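Participant: So the chains spell out like this:
Number of protein chains: 6
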Amino acid sequence: MPYINIKVAGKISVEQKKEIAKDISDSIQRVLGKSKKSCYIVFDEVERENWAVGDMLLSEKKKDG
Amino acid sequence: MPYINIKVAGKISVEQKKEIAKDISDSIQRVLGKSKKSCYIVFDEVERENWAVGDMLLSEKKKDG
Amino acid sequence: MPYINIKVAGKISVEQKKEIAKDISDSIQRVLGKSKKSCYIVFDEVERENWAVGDMLLSEKKKDG
Amino acid sequence: MPYINIKVAGKISVEQKKEIAKDISDSIQRVLGKSKKSCYIVFDEVERENWAVGDMLLSEKKKDG
Amino acid sequence: MPYINIKVAGKISVEQKKEIAKDISDSIQRVLGKSKKSCYIVFDEVERENWAVGDMLLSEKKKDG
Amino acid sequence: MPYINIKVAGKISVEQKKEIAKDISDSIQRVLGKSKKSCYIVFDEVERENWAVGDMLLSEKKKDG
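Protein chains in written order, with my numbering: chain A, 427 to 491; chain B, 427 to 491; chain C, 427 to 491; chain D, 427 to 491; chain E, 427 to 491; chain F, 427 to 491.
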């Protein structure tokens, strides 16, 4: 019954979400033997001004890692 | 001092939020003996393209369960 | 596909968890029309020294609300 | 490697986010000896109709505490 | 700067954690172009009596999916 | 009504928790004007084998940053 939450800074595409969800659910199934359908994956696209690394907001940086 | 986070796919109405918050805080008060006012309940309305079940985004499905 | 996380300070019994899970999944089903089986509920029993209200840890208080 | 998530009801300004991120990463560095750059801080600005205290949504109240 | 949280019911081995962390950070790097080292992955091994599917605790079931 | 969750790798002392809770609730009060008592702060002390940076578990490293 895994539940996975993925937080990323900024927007990502539907295709990227699908590809990551596939990779993660494949991994969970292969490594833990859990059915893919039992696996909930929730993405949070965090605005860059809402993510700080130390005292610097990502919106102030040129590019995040 | 319970803290409850509820993630649902898609939008729900203010009336639905009120009804769920009432049910949950009633339950917490009755079962655990905590005051309602100590109970924080936060809803996250997750866009359907941000919720995957296994490798399928909910936005690709006809209807979620 | 709701996902609910409940954080409480201190330990609660299995019977209390069952009762709260029943109340919440009943509410989700009645108010949102989601099947109970699609509803994941995860409890976190937080040690009282790991929960602060303002600058006071609950382990320092006589009783939480 | 601390990860900090801050949920507030309503919007806050970029300046407020910067000031809070500075205070928290300073505290983590001073108290725990972790480098600021290892510290991720994520803000969630929760709509007031998505935050309940007991059975009352904050959007129904005059003012939150 | 992705942050990933993985909740599973019951204990998993160190080897399983390493394999899943590798798969996920590989995916994040390949799909999103983020460096692996910017990726924090946190596992929560949830006791089965703390995870309910609807009104049934996993500790009451024979086996989770 | 802020809610703050702090995840750190490994154990920290009660004194460290108190100091961090004081710093954070002071900051929230000063910057946002919220009362300290409305501020819930929850610490998660994550075992080092449950925290990965990229594909490396912290338990495999000499020291985290």
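Where hints are given, some of them may not hold.
Since the list gives no way to pick one copy over another, a pair counts as held whenever it fits inside one copy or between any two copies.
[What the hints assert, rightly or not] Taking lysine-lysine and the DSS-like style, the derived pairs with C-alpha atoms no more than 25 Å apart in a straight line are:
id, residue 1, residue 2
1, K437, K487
2, K460, K444
3, K462, K487
4, K460, K437
5, K487, K463
Everything labelled a hint here was simulated from the structure, so no lab data went into it.
For clarity, every value in this text was computed on a predicted model and none was experimentally measured.
Participant: With reference to the structure, classify each hint as holding or not holding.
Facilitator: Going through the hints against the structure:
Proximity of K437 to K487 under the C-alpha cut-off of 25 Å is found in both arrangements, the shortest distances being 16 Å within a copy and 22 Å between copies. In this assembly of identical chains, the alpha carbons of K460 and K444 lie at most 25 Å apart whether taken from the same copy (19 Å) or from different copies (17 Å). In this homomeric assembly, K462 and K487 come within 25 Å of each other (Cα to Cα) only across copies, at 15 Å, whereas the closest approach inside a single copy is 37 Å. Taking identical chains as interchangeable, the C-alpha atoms of K460 and K437 lie at most 25 Å apart only when they sit on different chains, with a minimum of 13 Å there against 29 Å within one chain.
With identical chains, the CA atoms of K487 and K463 are at most 25 Å apart between copies only, with a shortest distance of 13 Å across copies and 39 Å within one.
Comparing the model with each numbered hint stated earlier shows that all of them hold.
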